[in-house]
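Positions -21 to -1, 1 to 394 (mature numbering (1 follows the signal peptide of the UniProt record, and there is no 0)) are the ones given, in order, by the sequence shown.
Keep in mind that the hints are not guaranteed to be accurate.
[Stated by the list, open to error] Below are the DSS-like pairs computed for lysine-lysine, each with C-alpha atoms no more than 30 Å apart in a straight line:
id: 1; residue 1: K246; residue 2: K274
id: 2; residue 1: K287; residue 2: K302
id: 3; residue 1: K356; residue 2: K242
id: 4; residue 1: K287; residue 2: K274
Simulated from the structure, these hints should not be mistaken for lab results.
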Amino acid sequence: MKIWILLILGVLISDFELINSEGSEETTETATVEETTAAAEETTEVVTEEPTTQDSETSIIETETEKSSSSGEKSKTKAPATKSSPKSSQPDDSCTPWPSNLKSVRDCCNIPHNPASISLNTCFYRCSSREIDERRQVECAASCFVNVTGILLDDRLNRDRVKNLFIGTMMSNERWTRIIENAVDKCDLNSKNSLHAALARFFACINDYMAQNCVQFVQSTECEKTQDLFESCNHVKSNCNIWPVNLPNPEVCCRIPPLFSQKLVEKCRYECEHKELFAQRQLKCNEACLYNDTKLRNDGRFNFDVVKDLLMNSANFLPEWRKPISDAVDKCRTYISYQHDPAVSNHHPSTMGVNYEITILQTCLRDHLANDCVEFKDEGYCKRVKNFAKKCPETRPRKVVHYQYQYQDVRVQHG
């Protein structure tokens, strides 16, 4: 019995262990399956997430590609413009708008002095003492100016009178003369509403036109850059168009024939110093002495044939001087004729009692003869002046005369 009981217990125990082992195996298998399933699910989740990540990465890459391509297209769009139209090869592009780091042409252009300023100021002061209201002051001054200069004829602009007003008070600069004439023809004077405003617009128009066609620039480092760009934009030839800054004026180096001989000048000065005490009287005496001895004036006007003979005599009859003297006398004859226009003569103050015309005549002759110089001095720097003058016969420095008879050296190309 004991044996059978032990056998039965052994079988039961073995069955129980078998069941337990199978259960553990099933549990293990179940766990393994569950773990595998979970892992599979995780793998599935990862796999399902990977396309999203790839898509996002792809979209990012495409976006970046699009950006790079779009920027590339932009760069491709910009590149030809930069390449095809650089400022250096297309100077006109660099003038519009004008570079902010350069001074404007208007600031650097040596525009001739406005000859109307004297009459304008005189009329303004006169009307300011009469009128209290500012509007009446300026209209009164404008009417005064028109009456003094005669630039209106039957309420219409007298363009010839305006041209004489400008040209007659400048030293004979051919380039500026043409520009001023064109400016006066281009600008108009509409005085229906306000004469003062119309005159302001008219003279501003002339100044703007001269600046746009500038032929004289202020000598400074800043304005030299402005001049270079202006000439580049307007395709002005760079060869021989400007008198070199490091060279003196031809007048310094030229043996200019004097209008009066040194002997005559000394004779008249000696006589007048022993006759007159005051400097004004001495100058007037000296003027009369020179005129009487040379017969330079006839009926109050210059005899330009005598002017030509005096210059040729002092030039020792060098044949090379004949043409320059003839040209200078003809140009100064025209220039002096402007001075008899009332619109011009009113702007010339007396020079210590001496007729201003003799001063202007001598200055005009000296400038023209120096520009066409035949005889140069032997100094070293004068040789450079002579060489450049021969190389560039159309390029000379000019002098602009102001009403105070103060002269300012300027550089200009003239044709």
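Structure-based check of all given hints:
1. K246 x K274: 16 Å, holds
2. K287 x K302: 11 Å, holds
3. K356 x K242: 22 Å, holds
4. K287 x K274: Satisfied, since the Cα-Cα distance of roughly 12 Å is no more than 30 Å.
No hint from the list above goes unmet by this structure.
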